[in-house]
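Participant: Chains C and R, in that order, give the protein sequences.
Residue numbers for the first sequence follow the working numbering, beginning at 33 and rising by one.
Residue numbers for the second sequence follow the working numbering, beginning at 142 and rising by one.
Everything labelled a hint here was simulated from the structure, so no lab data went into it.
Hints may contain errors.
Example chain C residues on the side facing chain R (calculated, C-beta under 7 Å, incomplete) [what the hints assert, rightly or not]: (1) Thr164; (2) His166; (3) Ser281.
Glycine included, every Cβ here is placed at the ideal spot set by N, Cα and C.
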Amino acid sequence: MSAVALAPQLPHQLRSAVEDRLSEILARTSAPADRAKPLPLSLRTALDVAAEGAAAEGVATEGLHASTIDELLPDGGLPRGAVIELASPRVLGRSTSVALAACAAAQAEARLRSGDPQTVGAWCAFVDPWSTLHAPTVKRSGVDPMRLLVVRPPLDALARVVVRIAQSRAFSMIVVDLAGVPGAEIAMEGASSSVRLDRWVNIVRRIALALEKTDSSVLLLTDALAPRPLPLPVAMRLELDRNAHDRWSLRIAKERHGRVGPAMAMTAGAAR
Amino acid sequence: MTRRIAAVVLPRLASELAAVQTLARDEGKPTGRALAVVLSEQSEEAANGAALVGAVDDAAAALGVRPGMRVSEAMARSAAISFINLSPHDVEAALAAFAEVAMMFGPVVEVDAASLDTIWIDVTGVAHLFGGEAVLREEIETRVAALRLSNDGFPSRHRVEVAIADGPFYAQALARFVSKHPDLPRIAAPGEGKRAMRNLPVAALGLSSDCVAFFGRLGVLTISDLDRIDRAQLTSRLESFSVPSASGATRNIHEVLGWLDGRDARPLVPFQPSEVLVDRATFEDGVEMAPRLVFAVRGLVSRLSARLMGRRQATNRIEVVLAYDRSIFALRGGTGEASSRLGFDLPAPLSHVDDLFRAVKAKVEGLELPAPVIRLEIHLSRIVRAPEVQLDLSRDVSVSPDALPALLSELSAEIGAERVGVLACADDHRPERRSALVGIHEAAARRPRRRSEGKQTSLFEEEAFHSEPAEPSRILPEPVLLTSAIEGGRRVPPFQPGQCLFIGKQAVVVDEIRFDRRLESVAWWTSKPSSRDYLRVRVRFGASEGTSKTSTADAWIYVERRTGSVFLHGWWE
């Protein structure tokens with residue numbers, strides 16, 4: 033049990049997660065030398081709480097166990113102040129679920145800091161050029177939609193908009209969809225199905241510069257099958273894949289300290 | 142508490158305005174000639190030898206030209222003087238802009254419409270907020286002097302004198318004469334206004350030149366000399382001259398006597414700022430390139446921002462008006478008015494110069510100009526109270542929520558307000574209509590601040606939400622018709638595992654089909670009611686270039702029951 037007295041109105045399913053995170057935060061603030069190194073963003077809090085909360089209310093949920101993802105990541109969570117690439121074939125490897133979980137985790141952490149669950153969370157942003165993000169799912173993912181700025185720029189303005197959003201330093205987590213799901217380009221009538229990643233090398237560098245010395249992170253959702261003459265200069269590249277039903281894998285393809293490895297199996301959440 | 146008034150005197154305002162005009166006329170090259178200004182509504186008045194000089198610059202003053210002289214007299218002094226005609230309304234409008242900046246220093250501000258060179262600020266009880274009267278005086282001087290009147294950075298700094306005393310007259314007199322009398326204090330201590338004035342000339346009282354000359358002939362040169370005269374005699378003498386002031390207005394004799402007795406209690410008449418802020422720049426040669434226009438925008442926005450911040454207000458609508466060169470506009474085939482107006486609403490009120498500039502720049506820099514721009518105007522047409530951000534000690538230092546309003550404005554200006562917002566769930570059975578992007582302020586207005594204040598109203602009905610089955614995370618904006626590889630036609634059914642479908646040019650194989658839900662005659666009152674059978678379909682993508690792996694995904698597909706057509710509607714992602 034943490035030494036911190038929790039607000040009595042805190043929901044039961046949040047308590048254990050809150051205690052763990054508060055202990056970490058307190059440990060961080062009590063050791064000034066470590067303050068320069070931000071803690072990784074743990075997805076466990078947000079995803080598991082959302083799943084438990086939904087289960088308690090009899091709502092079926094979809095998704096990956098976030099605690100599994102945390103365990104597979106080198107530091108137990110997503111790095112902060114960095115650009116992270118989440119690649120999956122045709123953007124259909126549950127990268128949206130993971131991205132929403134990251135947003136939920138960032139918002140939940142802000143609430144934990146205040147100790148009052150009624151406090152509004154941190155602002156996150158979702159750049160969705162193909163206009164496919166669905167509000168009910170956002171809510172079901174544990175994300176407060178009122179603190180998730182959704183921007184739907186035309187593709188020719190996408191890079192400019194993303195850099196500007198990163199430079200604003202107004203967001204804890206920024207998700208950028210760089211490849212539309214299959215069919216999106218037909219629905220958008222003439223829009224390209226993905227952006228040219230070779231043009232994003234310099235843009236990612238600019239974004240990384242904008243994120244320096246901040247706790248914000250940018251998640252780029254990319255198509256793992258898209259041609260790329262050069263790899264994007266991201267701090268971490270995660271590859272999500274689904275080979276057969278309920279057989280998911282996560283591979284750390286790039287990490288700034290070289291902690292890469294083969295694909296690791298994950299379990300999916302309860303399916304309907 | 143003793144009343145304290147700050148007088149801001151801009152002794153060369155009219156000549157500085159005239160210099161800006163001259164600079165624009167001479168294509169930005171200063172001529173170096175001395176300037177004398179004739180204040181008149183008639184544009185040719187400066188050519189009239191009988192007209193009075195209203196203001197002069199330092200060079201003209203050095204040649205012996207003084208305000209109040211006839212133009213012919215001034216011409217006789219030197220041939221190297223340019224006479225410029227200026228409308229008193231232009232000077233008053235410029236003074237009003239300075240007054241708006243001055244509003245940040247006190248609750249009441251007055252503009253002296255008679256002399257057209259003075260602004261008074263009631264600073265009673267506010268000096269401690271700035272660190273004392275000395276700091277306050279310097280701050281006023283710095284802020285007012287920094288408000289440049291032209292886009293070319295000219296003048297680099299306005300000539301401003303600021304003095305603080307117990308009343309408007311004492312403060313104005315000190316500010317006007319402090320440059321000529323270095324020993325004069327810029328701040329007269331409470332109750333010491335009369336004492337500070339004693340060495341000033343009689344002319345400082347604003348008496349007519351005849352009256353000042355009369356007292357001069359008597360050897361009464363300073364205010365302390367005048368103060369020594371018996372009040373009964375002085376009153377009769379002043380009455381004989383009717384005490385008209387130098388600016389033409391008749392001085393109240395009791396007011397003048399009150400100043401001599403140490404009373405300066407005239408209340409300030411509050412300045413009423415305009416409801417719409419407008420600033421403009423004109424270009425003699427016309428501007429053809431948008432980047433140069435952006436440079437001019439920076440100057441305009443800088444001035445407008447200073448005025449807004451002085452008023453403690455912000456704007457949530459900006460209009461940019463561009464007037465084109467008529468002849469070139471017509472030559473290039475332009476029709477209608479040779480001007481254009483860009484108006485855009487800001488999602489949040491802005492007042493800071495950088496925020497305003499980013500919003501306007503995003504709109505202006507991509508413009509294709511049909512002809513050279515000869516005039517640029519920026520109108521701030523919707524003025525609201527400036528939002529105040531509470532100091533948040535627990536905020537994460539690396540995240541700056543205060544930057545959000547500016548970002549929203551910039552994005553709205555660049556890509557359109559309809560593309561920026563938050564997602565809201567709409568109360569509709571059709572999945573494509575259950576998600577909507579709404580503006581942040583619209584969404585916030587519909588949501589209670591805290592859940593304890595009441596049930597959420599319309600954006601998201603919690604009970605309805607939990608009773609609904611889960612939906613995919615990705616919904617296509619428009620359902621996509623699926624076609625069959627075998628039939629090559631429009632209709633897919635019978636729809637079964639093993640079948641090959643085309644999503645555009647992408648082939649997929651159906652692995653598994655599960656029934657998800659049925660929509661029956663939704664929106665039956667319309668011409669196209671929806672009757673759909675939704676299926677959750679696991680599809681397999683074939684190996685693509687460079688990899689031998691196949692991948693699977695869960696598609697959300699529906700069969701339109703009326704026609705039998707099959708549509709892809711989303712992905713479980």
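Participant: Please go over all the hints and tell whether each is borne out by the structure.
Facilitator: How the hints compare with the structure:
Interface restraint check: Thr164(C) against chain R, minimum CB-CB distance 4 Å, threshold 7 Å, status holds. The criterion of a C-beta within 7 Å of any C-beta in chain R is met by His166(C), whose closest approach is roughly 4 Å, and the hint holds. Because the closest C-beta pair between Ser281(C) and chain R is about 11 Å apart, greater than 7 Å, the hint is violated.
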